[in-house]
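Protein sequences appear in the order of chains A and B.
The opening position of the first sequence corresponds to residue 6 in our numbering, with each subsequent residue numbered one higher.
The opening position of the second sequence corresponds to residue 791 in our numbering, with each subsequent residue numbered one higher.
Hint data in this document are derived by calculation from the structure and do not stem from the laboratory.
Just so you know, not all the hints are guaranteed correct.
Claimed, not checked - Going by beta-carbon spacing under 7 Å, a handful of chain A positions derived as facing chain B:
| # | residue |
| --- | --- |
| 1 | 219 |
| 2 | 220 |
| 3 | 225 |
| 4 | 227 |
| 5 | 231 |
| 6 | 232 |
| 7 | 233 |
| 8 | 236 |
| 9 | 316 |
| 10 | 324 |
Here a beta-carbon is modelled for each residue, glycine too, at the ideal position from N, C-alpha and C.
Residues per chain are reported as follows:
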Amino acid sequence: MRLEQFLVKSQKALRIVKEQGLSALLDRMKSNVDPARDFDFTQRSALSTSPKTERKAIFVGRILNKNQLVSKIQLDLSDKNTRISFSHDDYLSSVGGLQISVTDEQEQVNAAGNNYLHIFPYGASLTLTKFDLNSIIGINLNGKRIGYTNPDTFLESLQVIIESAPLEQISIHHTMGFDLAFIEKAIMIAGEPKVRFWLHDFFSVCPGYLLLRNNIEFCGAPDVSSNACGLCVYGTDRQEHLVEFERFFSQNEIEVISPSEFALDLWNRSFPIKGIAASVCPHAYLEYKQSAVITPQNSTIRIAFVGFPVHHKGWSTWQRLTERFGSDSRYEFLLFSETRRRSQNFKHIPVSVTKDTRNQMSDMLQGQGIDVAFLWSICPETFSYTLYESLAAGCVVLTNPDSGNIQSYVRDHPEAGMVLDDENTLMELFDGKGIVDLVAERQTAGKKITKLVITHDCK
Amino acid sequence: MIVYTSITLNYLPKAKILAKTLKQFHPNWEFHLLVSDKIPADKTAIYETELRQPHFDKVVWVEELPIENIKGWIFKHTVVEICTAVKGPYLKYLADQGYQKVMYIDPDIAIFNSLSPLEGYLDEFGILLAPHLLDFTDNHQSIQDNEILGTMRHGTFNLGFLAVNSAQNDGRRFIDWWAARLLDYCYADYERGLFTDQKWVDLAPSFFENLMILHDPGYDVASWNLDCRELSFNEKGVLLVNQRYPLRFYHFTGYDSGAGMNVITSLTSGGTNPIVNELWGWYIRQLDHNGHKELGKARSFYDTFDNGQKIENEMRLLYRESPDLQRIFPNPFDTDNGKGGFLTWWRKDRPKPVDQPASISAPTVQPEIQQVNSQEKLQAQVYLELLQSERNDRDEEYIPLLNQTFNSADALVKLIAFYLPQYHPIPENDEWWGKGFTEWANVSRAVPQFPGHYQPHLPGELGFYDLRVEEVHRRQIELAKQYGLFGFAYYHYWFAGRRLLEMPVDRFLKNKDMDFPFCLIWANENWTRRWDGLESDVLIAQNHSADSDRAFIKDLVPYLRDERYIRINGRPIIIVYRTDILPEPIATAERWREYCVTNKLGDPYLIAAQTFGLYDPRTVGFDAAMQFPPHNQWHSGDLMIQSQAQLANPDYSSYIFSYPKMVEYQETHAEDAPYPLYKTVFPSWDSEPRKPGRGTIYAGSKPSLYRRWLKAACNWTIKNHPEDSRMVFVNAWNEWAEGAHLEPDRKFGYAYLQGTLDVLKSYGPKRNQTQE
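Isolated chain B (complex conformation) (with noise of 0.2 Å):
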């Protein structure tokens, strides 16, 4: 038996599970790789050695395949098509070597238990086939999702597996079929109703008799079956799929994406195979260890053309569709240094479009910024995107209010999420901003100004509230501890002895029943009409003072005083957002210290927001620093997208920043602090309510993307920090009129939360580490 994966080198850690799970069990079996990219010259060491595995017996490169004008054929497909696409020829020419029975099995697969039953099916039959799909559910999510989207629109049967025997009937006659069809269509073009290599196989059942479809659940569970295939181990530790069946092979499918993940998530959540996340859990080890951190991030070789330039989708499209371009171009990849070649007479002389073809892309980590050509059209398509999203206003990414429970103090890690206590009219504000003013006034008036931006936030279940209602308050919480969250940060606004927004904080502070630890963040800065403490326009100003010290600490006596203030090692947590305009900080702290020991409330545990360039501490005689993002370094130039967008409103001069950029920053930079750090996330960050056509946006947000940061964060936490003291902090629970809110939204409903709750979830409850 011959067995061949297809990758570009990014899946080379996968392949490398397949073909040592496979030799656990086949260890006679053949293996081989095809691998349609090339070694980058820097790293040729790297990949010899990587690619010298005893699993692999034998690597195959694309451009060895019989294909007339290879390099021509290679550019006509994406990677993901040219992967599909090489899999019919190679089939073809090892039946053409006199190999019988051959296998094809995806990178991503890995296998848990002998696969003979196959080869001794090929004994009678000339191909094997494996449905996506065996069973069916009345949940309509299912119909969605596995029915309509993933079987109808992409395949029956899942070529992430297929088996022939060239020496059966219909065997040979399956394989030059399908081959050729690759060579000419293996294209992603849904209108035409093609889909790679998969789609075309709907028809093998009715082209070849002598065809066997496996109904045997055991092999190819994945996420667009996990609903009907539930997993449990034997009493033998045998992994078993409905009871009976043993799990021959798994297929990991969407882990790069993580729409793998976000799957499984939603179907284990609600209690139901509870043992995929173990599978996946020990995917994610594998690959760590094969170092997929890195090697996962190769670049494809033919994703570009010789001078190092992207190869657009349009680029390929053309080529694909003329003869003539072929013909004068048989390396279109070739540039001559840049002067000449296809890229060359596409910058040049390509015919230009009266109108661009609206192009359908995949969603992809970066956020797409269409281009059009006028200020008009920009302004058409937002307004388009807008009546879109009147119409469905749920992105793929939305989650569902689920039903399950989680205690906190059953995480690793405590979560803590900033409060704003605003959404309530105060006679102050009636004053400054007209009668009746709350946050939602800024929160309803934003709108996109550029393709693809998301304004304006509109919430969820919890509606336009107002603070005034304390069933709102006790839902915030009841919301909150079931998504994992630890306790609350209320936003602490103090004058010189007067207060603002008080009422929510003081109502829990009685209601003693409101069960959820909370601490207090002190907002001192003057209040102003830029709503960002730039001193201009002040409405109500700070006075810090040795008085005003005494007095504030005074005030806060009953919050520490009360059980549920949170403490770290008994001593209660005081946040201050702005230690940079206290004039002597130090002499502050030592202060609030005296008046707290003296009291016997404990030494406050006093935490400095970075913000407004301060960074360390001790500096300021506080214990610790917590991250304020996006204050601080956040707004890196590296990170900014200004020039791709293309603007709707010509008056518009907001910051643009990627958060898919942000959050792989801060996934590769994980650097120690000199002093005690508490990170902070934002689940998005847009102050376009706030500060219309002058704000600061990370764009391209997304709940998938926040849970990769959270993991990070939570990650670092358990590294540098000691049980008693891992916190992480979260802009925040409702700042609606920044972008940042866990709380529910329409767009994206409780994914925020659920992503939350997973990640909190994904170490497992605390481990006790006693005897018997």
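Pulled out of the complex, with its shape left as it was, chain A reads as follows (with noise of 0.2 Å):
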């Protein structure tokens, strides 16, 4: 740095802790160093080259040797067995569903008495990536920070870890940000153990872990070599991806556990290497918990969209929906989510789901008297939690038939639902009387109102 630039940044420094304390300061310098933060569609490939030594700067000092690691580990380490999970961040700082299934899936391991062991990538990357000397991964054990080192160190200590407290299982829950190499030498050195790979997306399938073509519309993930993945922005990093994979796949003795039968179905369709042992579990499951529950007929027809309003979740179409028929007096929009948007079409109910309160949402929708959830990812969800937490409030669904998991659930439960074809339809059915009578209907027959139950007890 520049020493100008050093003195307008100390100067700054200085007033910020003056003015609102060290901990905004603190708080500053973490968002500063996030490198996803500067991720978008056209620089795609930006991350995979984000500076290394300014990662390497920042954990001068503490960057953990084979020692230091292996003696912090085992102050905590019973000498029962030892389950090593990889995901791609730190699931004990961020939160979503695939967070949420690694702290249940610890919880569940240490009630047993045994250890889980999580390693996670330092740095965001979208891809897979090569390790060498400088790459830097977390470790965590039984919910707690152990701190940094690097892979080749963590290979070394590994063997003296399993030692103390044999390995029971690996769970591979994310591969982002890794080498397929290191998990492999991982497995390799821990003997060969029963390894699982849960499918919470399709990044085993394409880079593009939506199967979002350019991040514009659900590809279905066709041949490498189709006109879809030449022209699409994944397309050329999908080709040596699915090379590593399928070499992953041939030289471990791995078992796929998919949170739905359609992430399952859809992956075996689109990965190249068939037969491989393979296990439905799902992350949830809905219990009968109360009676019908009868609605008054003909007041306002309350309408969410549940989860983050994003791209993706189908928030375009939302927002066009709720431009059209927001001051229609039959309807109420409202947000369900942690994140706020503005709109005078949509009121927001801020909700936050965490591990603490995993039934906020479901409880809400169903406290709000939410009749209509507005499900309409355009990306393939593998399970999608907003489903369960819609269905256990005794809503009715609307989605898309690109919805993954959603649409699948909705065309096994016709009750649940409507799989609508498109945007067109969906605004027919709220020009018309379709979704007023639909409704109606269910408020005749009472909502079924059902209990959350949370399991990733996959035998």
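Assembling the complex is the task here: the two chains are given apart, and the hints tell you how they should meet.
Below, the structure is given as structure tokens:
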């Protein structure tokens, strides 16, 4: 950093400490080192080339060597079995469906008295990477941060660790930002234990893990030589990406765990190797809770957008829908999300689902008397917590044919809602009496309220 | 099968895409590259590498063609004409060599699926032709653009593609006929009914019986037929046309001029054919990869004499028409070291016409200011243009109001436009300038000063509005939102406690349902008779002091507290137009910060406008700088085109700069700043209305150029700012008297707004990285 920049920065820092306290400065510094902020559609390769020197500088004196790592781990290690898990970020500090699943697994493993050792790559990356001597990974043990180390140091320490607490299983939740060769070495050192590979999304099929061609439209993961892949921003990377995963699956005995039949079917269709052992293990199920709740008819129909208001969850369609019908007295539109969006066409209801408030969404949907859940994901959901939360609250689900497990569930359970062909059909439904009749029918029959039971008991 | 294309060297990156995509499906077909150009002496190594592509089986240079007096022949043609004229003779040459199946494909085409069916058709037919249009609509725009202007003027068939089999009936006859016509008549001479190689082929179906017209819409999809060809993917990822036909090849016509993209934009903004955007996105990425940014700039060798002087059209025309000249100067490029040859004859001895023929030239990036002999002629020309614009005041880049929505929350960049709250009478202006004065008085008095000068700017749908009418303000917000703008930066006129033009902003503040983010720019200079802050004839003065600093920030509180006020990381932004005239800027900044923090408004994010020589915000204790073009470095001598202007007004003393050159400069000069910097763009600039005959003009501005500048500014911002602070400013929403307005006018309609929206949309919506 040039001297003048340093002076300006330090003056600014002092002012922040003076005016807002030290924690404000620390928060700011933390937010500044998050390289994921700089990602955008057109610069999709920018992340993998983010300067390593800067990352390294943050860690001067904080990278654990083998002795430090082993002794820190052993402090908290019981002498029972160990499960190692890999995922793309630190589940202790980020919130999302995948992170909640890892948390659930950790708690379940700990409850049985076993150890849960979690590994994540430091520094955001949206692709697989190649680890080198400067790469950094983070280590958590039983829900506590151990620290950071280099991949090679971890592999050298692994032997010692499993000698104290034998390895029972490896769970691979996500490989983004990892070098698959690193995971393979860990499997080898561990003596080829049971390895389970979770399909939280379709990263193993394409670096564009949402399977949205050019981040726009569901592509169905066609052959990598297709026009669709040729035109897509992920197409070129996908070729090498698939080669890596093919090698990974062909050289290791891995069981695929899918949270839904739909996700497994799509994965089987699009992954180049066939016949890999697999099971379906949903993250949650619905348990009958109380008798049908009859709601008064002819009141305004309440329609909710459930979850993150982002493009791939159908936000653009929601905006057009509410823009068109926002002032229609038959309807009231609400956004149930932690993220706020302002509009005169809908009301925002803040909801924050964390591991301690798991049922907040379904409770709020039920509490606010929501009739219709708008679950318009345009990418294939592998499970969709919001689907189960909406069903638990007795909502009718409206979705489209590209929404993955949402549409699959609704097709299998016609009473759950409707799979509409496209946005035009949606608009027609609201324009005419379609949605009014549907809800009236539901109100007459009564809402079926269920309990959302979270499970990761995947035997 | 032989496939060949014809290029000048600047088309090399495109030809590489064609060859590579072709070989993907037909590795055994032979690809020939026909080049009407020469490699510049200082770039031999680069081009030798480029031309050694494995996909190019053979490179043929125009001077190798068996044509008599080839140099004279080349000279008769413009660059576009020569690239089409060579197609015939080369086709004949190949047939003479015994090649039977030959296909010509334009270099700006890319192949997406196998062309094997064509090979099959050639077993039966001698000639295959692809029409521009296979279907028609009743859409008025489509009739105008595609049927009348496109096809009836330029030819029924698109000669971006042609396939022949010289062994089949009529194949060889066609080749000989077409090659002969191109040898003598391959010109863009609309008056004589000629358009290069293409219009000739309208005669082919009558002359040749064994000819097949391709009715499969999968061939030659391009902007001119997209309204009848819908693109989609099937479940196998195959790109289909009209749900059924695999897309065989797409013609990326109009890439360099921007015309292709403009058509796509106007077609896709209504929601049809969104996949075309992906197709163009892909093409742009391929061109970037192929080094188009540099290689695409190559100047054609045959565009200049051998001393480097550009060959004008008139020179070619005269040479073309005169067998004597062709005999005397067999190599007209040769200037004998500048001492002789055709060029010297042209300069000294050519017969000078009494009246210069009016030449119609194609629209170019450079603003064309035509030269005529006398002041009166110029004035007559200006008057003529005014009359013409009375009859048809719409520019070719005119875009109407389109039905579309876009939420600025989805944009990667927050676009904020400066908003002038003038356009309503106030007592002070009544007193200073006369009863009822508004900015419209200036706007409507402007007249053109030289041929091609766009004045006056006349408003579109909003008319000569009066901001006392609240509906106007509401419609402005509606339009701004519809076209993706994030907010307005209202000018704040505050003179030691006295405010002017405050009504529109205060009304906005009260009406919370006017839902649009805003911030304030303090226009902290004296109010003078000169409109530019220079210290003469002061009407109302600023009085900068410690007390006024505190009074100023205190008066700002209701705005800063408003939830619509624009913030960066929670800090309200305050922009100051002229920090150079604050006597103690660092102290002022500190006083404001202290006041705001004490009053829990958050540490203000102070932005200094880069005006009057101020660049570095740190020198005035501000957090960031904001460009304020055309202030500061913008009046660069390189951009000045004063000398090219032929002025109708003998007393004219304005500065004339080139908007196209400035855009080019902005695209190529995107240095990092050692301090946080916000980019600002202007759609056009011309202060003629405010300062008649002594303003500053950026001539040649066009919506398509503004798009490029805005795109460059957004790219820079995305690269240099974290997500929360990605703002780009536009000067301005409604500075009509400076010719700087996004608001629709009669000439361009909503083209500047549409350009804004298209640029913002071009990044796709913000990507969310949450799993599941």
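Looking back at the hints listed earlier, which ones does the structure fail to meet? none
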